[in-house]
Amino acid sequence: MQLEQTIRAELAQPGKDILLMTHIVLGYPSLAVNRQVIKQMVANGVELIEMQIPFSEPMADGPTIVRANQEALEAGTTVKECLAFAAEMAREHDTTFLFMTYFNILYRYGVEAFFRKAKEIGIKGFIIPDLPPEEEEEFWQLARQYEIPPILIYAPTSTAQRMQELAASAEGFIYCVARKGVTGKQTDFDASFADYMARCRRSTTLPLAVGFGISCREDITFLTGHADIGVIGTATINLVDAQGPEAVGPFIAGLR
Amino acid sequence: MQLEQTIRAELAQPGKDILLMTHIVLGYPSLAVNRQVIKQMVANGVELIEMQIPFSEPMADGPTIVRANQEALEAGTTVKECLAFAAEMAREHDTTFLFMTYFNILYRYGVEAFFRKAKEIGIKGFIIPDLPPEEEEEFWQLARQYEIPPILIYAPTSTAQRMQELAASAEGFIYCVARKGVTGKQTDFDASFADYMARCRRSTTLPLAVGFGISCREDITFLTGHADIGVIGTATINLVDAQGPEAVGPFIAGLR
Amino acid sequence: MQKPGYYGKWGGAYIPEVLYETFKDLNAAFAAAKADPTFWQEFVDLMATYSCRPTPLTHAANLSRDFGGAQIFVKREDLNHTGAHKANNVMGQGLLVKRMGKTRVIAETGAGQHGVATATMAAKFGLECTIYMGEEDVRRQRPNVFWMEKLGATVVTVTSGSKTLKDAINEAFRDWVSRMDDTHYVMGTVCGPHPFPEMVAWFQSIIGIEARAQISKQFGKLPSRVYACVGGGSNAMGIFQGFLDEPQVELIGVEAGGHGLDSGRHAARLASQDASPGVAQGYHTMFLQNQEGQMMDTYSVAAGLDYVGVSPILTDLWEQGRVRFEAATDKEVMAALELTMKREGIIPALESSHAFVQAYKEAPHMQPDEALIINMSGRGDKDIFTIAQAFNDPSWKDFIITKGAEYAA
Amino acid sequence: MQKPGYYGKWGGAYIPEVLYETFKDLNAAFAAAKADPTFWQEFVDLMATYSCRPTPLTHAANLSRDFGGAQIFVKREDLNHTGAHKANNVMGQGLLVKRMGKTRVIAETGAGQHGVATATMAAKFGLECTIYMGEEDVRRQRPNVFWMEKLGATVVTVTSGSKTLKDAINEAFRDWVSRMDDTHYVMGTVCGPHPFPEMVAWFQSIIGIEARAQISKQFGKLPSRVYACVGGGSNAMGIFQGFLDEPQVELIGVEAGGHGLDSGRHAARLASQDASPGVAQGYHTMFLQNQEGQMMDTYSVAAGLDYVGVSPILTDLWEQGRVRFEAATDKEVMAALELTMKREGIIPALESSHAFVQAYKEAPHMQPDEALIINMSGRGDKDIFTIAQAFNDPSWKDFIITKGAEYAA
Ligand SMILES: Cc1ncc(COP(=O)(O)O)c(C=O)c1O
Ligand SMILES: Cc1ncc(COP(=O)(O)O)c(C=O)c1O
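Each protein sequence line maps, in turn, to chains A, B, C and D.
Its first residue numbered 1, the first sequence is counted upward by one per residue in my numbering.
Its first residue numbered 1001, the second sequence is counted upward by one per residue in my numbering.
Its first residue numbered 2001, the third sequence is counted upward by one per residue in my numbering.
Its first residue numbered 3001, the fourth sequence is counted upward by one per residue in my numbering.
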């Protein structure tokens, strides 16, 4: 509820035809660099930031994020540290922070304890790619109880019926995966993509985010009108790897 | 017939309690060395000489003779050369020469042609270890026709009945294999050996040769009384290998 | 009623949304196949004419005598085409793929056994085939890579994570989410999201059906105990299903004890104290993971047992007390392997040898009028590099050194 | 009447006198076994419970379709325990050894297949075991040496002659003449002195008995042609016996063409002009020998076909025109092997691949309502060193170089 309202409010601002959600793998290459990167993202107007708590089995991620997860863990990043870091970020920045991770991280922490902690920190939503609404009834109840919406996902393979099913229990926004596959590969924004977005739009009144393969101004320009939020994931990781955290500001600034 | 008479005549000579039969692999190490060795054998009183025509599959021979066969062949020794060499030896020396070889050599030459040739050369007997009397009827007929006796073999495994069977078609002498196994290993001349020799003796009136593992004066001394002929095989090959052909004369001279 | 795909609280289908329809179709196709008696018959016929089912049940007369206890019977899955029980599952899924009209299969492989079986099935059914294999395992199991390639499969080396089986599974999922329309993922064991555990268990049940009929015929009564090694758990589930409804038959799963349960270098989930409940690779089971839920590096001399998770069905049976779990160390495994070769002339795979260890420990304490069955999940001659190395065989090493020098020249 | 042990003018028993009694006993024991129906039943039961007989008859549906001619069926001797038809003969002789009360067995081996099978049988029957193997073959087939030793056998490297199979046979005979009282020589093929050809053919006839029943059941009528590779000839005799009395079934033996029949580097006795009648290794047959009767060096990519002689029974059938002989070159063999792997998911041994070559040449010219059977005498995965080398596989070579360096360090 709260998340959707925040998004609607941002979109209502003049000239804001599309919002930006960026992604970061906590602990990669280090929390210190994460801190710098987030600072630049915020400074350059990013509206939502997805913080991925690293997991050893990132099944739905592509090679870049897989490697980032792995190196973050090898560097000793713990869930505890990630939570403390997230608390710091939420405190410092007036931006919408979400957690992205795999279900096992919550499960081992204790699902309710995790919700409680996230609430306390000020996290506004969860993205858990390996948790379909059919599993873990308790999780969905806790989400309502703690008012932290788990962001549901549409895929190009989702039928209209499935989309409606998902929409019925969705809150905040819907994450539309731009194409089949994992994160980090280029997406073709062709006619079938427009059809897909139209299908998404028909099935729900919630804002739509589009992610997977969004990496440049052209992509964001194309998305504008189709989607409410453009998600930049792998692109910033590659950027930081290649040019360091300072490159993030100008990159973000140039997207819209 | 002829062969048995020759042997009996030799044995009738004063002081000749036992005859000596020596063995040579034709072409090993060369026909030239064979010539020297035979000369010394004859000069030192050997009564019978077994000339082995080399064969690629000397199944009944031990390592030393196997190697000798192989090296003779590798050096290019042919059956034709062996026959020519045998003819020369028989011409030069007034000694009893026999051919030892495997049946395939005769078979490929033509069995009758081989008998004819051997007769012409003056060969007095054949020893063919892979030809039992049950095989190759024609061969046994030719043997009678050409009066070249194939020397039959007794083994420690031969029953009294089998010995009698063999004796029935044997001529010249009987070759008693001293022990199980192949040529070239030491033989234990124990009580069971004496039993074996007694069995051999009971089964036939032919002279008995004993071979396999006879290598020194003690062996010959022991055999005297049990056997009519002592067969020296591998021992001379080893001697020539180690000390050259000149050592053969003194060795033979020292055996009786 | 229990939700489908759950075994007690274990199991489930924790899958990315993009696979939702794929799993819906797979569930439907599997349900239809299961309901259709001609499908099972087609499967049995295929296994009878292409593999050599029924595989024999061999009485290990020498070892039974030596131990002076139970009569030891060995279920000979090693005699399957491609050398292990993996063929049962793979050929079954192959028939399902044909029904679904898909044209491409993918699979993970650890030991390489499942990869070879899948490549074989793909050749037989005319399917395109890609096999994911951890870099570590590619290094250890080059012969299997060679055969997969020769059978026409593409082998992709997985360099992420611990570069072993679990990472190959992740990578296969990544392929699948990219290309689900024409592709079926041939999961190699009774793990992963529903319906895989149920499906793989169903195809592998052919082992237990046969074993039960065979022991009754050859021994005249049920065995007292049945032993199977447990990696993911497919061969164990396969044979156990023949006896699950007979409470007097004790079922024993044997996990990889590696350097010992205290060493931290093992892959024992249910036989050790080191595993805890978790959700990964699409299902809920006991995993070897740290406090925070990160999977640990496991270890075993047997690549096929070297895995962090275990079948949710077995976890449930363990929790119920229906299946007892034990672990065998590498050392015990090599000794049991050597003994089995010398006394019975059979060469169990390193994986299978784990089951032999536990049976040999218990046989002497049983009665000669009792029987036990060991499931020999595969043959060991495929493992010559690992086995010869584990025995530290000097002439083998010389041979490899010489060959290496010859190739390098 | 024909003398026993003769097939036309071929065969016989050219044995040293010291083995006379041994052969007498062996003939008697074999005759008694043959006359005793419980013996054959015991043999069939053993093969059913220890190996996996009946081995399947697999319809190679893809290749039948590809060639558009005869329906191709493959008799799967590769699925035998130890991976080849050699097991049939060895287990049969093992039962005979038990009857004779001997406690030690010896055998020759070329490819290593017969050695492994004999070592296996010896382990199973609790016999002492020595295997003779040419130095060349030990070098080529180290994995088999490793398994023989692990199975408890002593492997003796034979350094005489050409250091290959024929020399191993000579050496085994040398052992036997030294120690016939407690020792049986398990001859590995339908060669050697009587009663070996008859005995080995008898045990191997189980292949043909099964194949005939299977083709009738699976195809509804007899095959038009049956193909088998011929080294000594045991797998060929095994399957041919199922169809010898049906003149409309054409029988084709395929020998090793090596680098080609004109090259002089081959092992084709009956399919080439290079062999002539001879007597060696205890029997009379066609040998590859020179004018004076010295055996020649033979050559084949398949160690098991690399032999100077051939079964006297097959020589007789060839002379009678009942069996047609062809040769397959190494090159053709590698191509047929590759095709069979890719299209049918089966990996024939290099030896067996010779039979596939000829069948593939002829299948297209036959009718789709005709069947042909290929006897797949063994599996190829045992031959990885030879096969990977023959394919000149670069990653295999890298793997061996790396392993070699690791061991050398
Ligand atoms: C021979 C063999 N046995 C057992 C296993 C373990 O798998 P599971 O526990 O699924 O039977 C494997 C896996 O590769 C294997 O190859
Ligand atoms: C698989 C296989 N096939 C065939 C042969 C050739 O022998 P035979 O002609 O006696 O069947 C061998 C011999 O080692 C073999 O291993």
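Please note: incorrect hints may appear among the correct ones.
Partial selection, computed: residues in chain B whose CB lies under 10 Å from chain D [claimed, not checked]: (1) 1067; (2) 1198; (3) 1235.
Cβ-Cβ distance ranges computed for the label pairs, FRET-style [unchecked claim]: (4) 16(A) to 2098(C): 34 to 42 Å; (5) 3157(D) to 2276(C): 16 to 24 Å; (6) 2217(C) to 3157(D): 39 to 47 Å.
Treat the hints as calculated values from the structure; they're not laboratory data.
All C-beta atoms, glycine included, are put in the ideal place defined by N, C-alpha and C.
Now the hints, each set against the structure:
1. 1067: 7 Å, holds
2. 1198: Violated, because the Cβ-Cβ distance from residue 1198(B) to chain D comes to roughly 19 Å (cut-off 10 Å).
3. 1235: Nearest chain D Cβ about 19 Å off; hint violated.
4. 16(A) to 2098(C): 34 to 42 Å: 53 Å, violated
5. 3157(D) to 2276(C): 16 to 24 Å: 54 Å, violated
6. 2217(C) to 3157(D): 39 to 47 Å: 45 Å, holds
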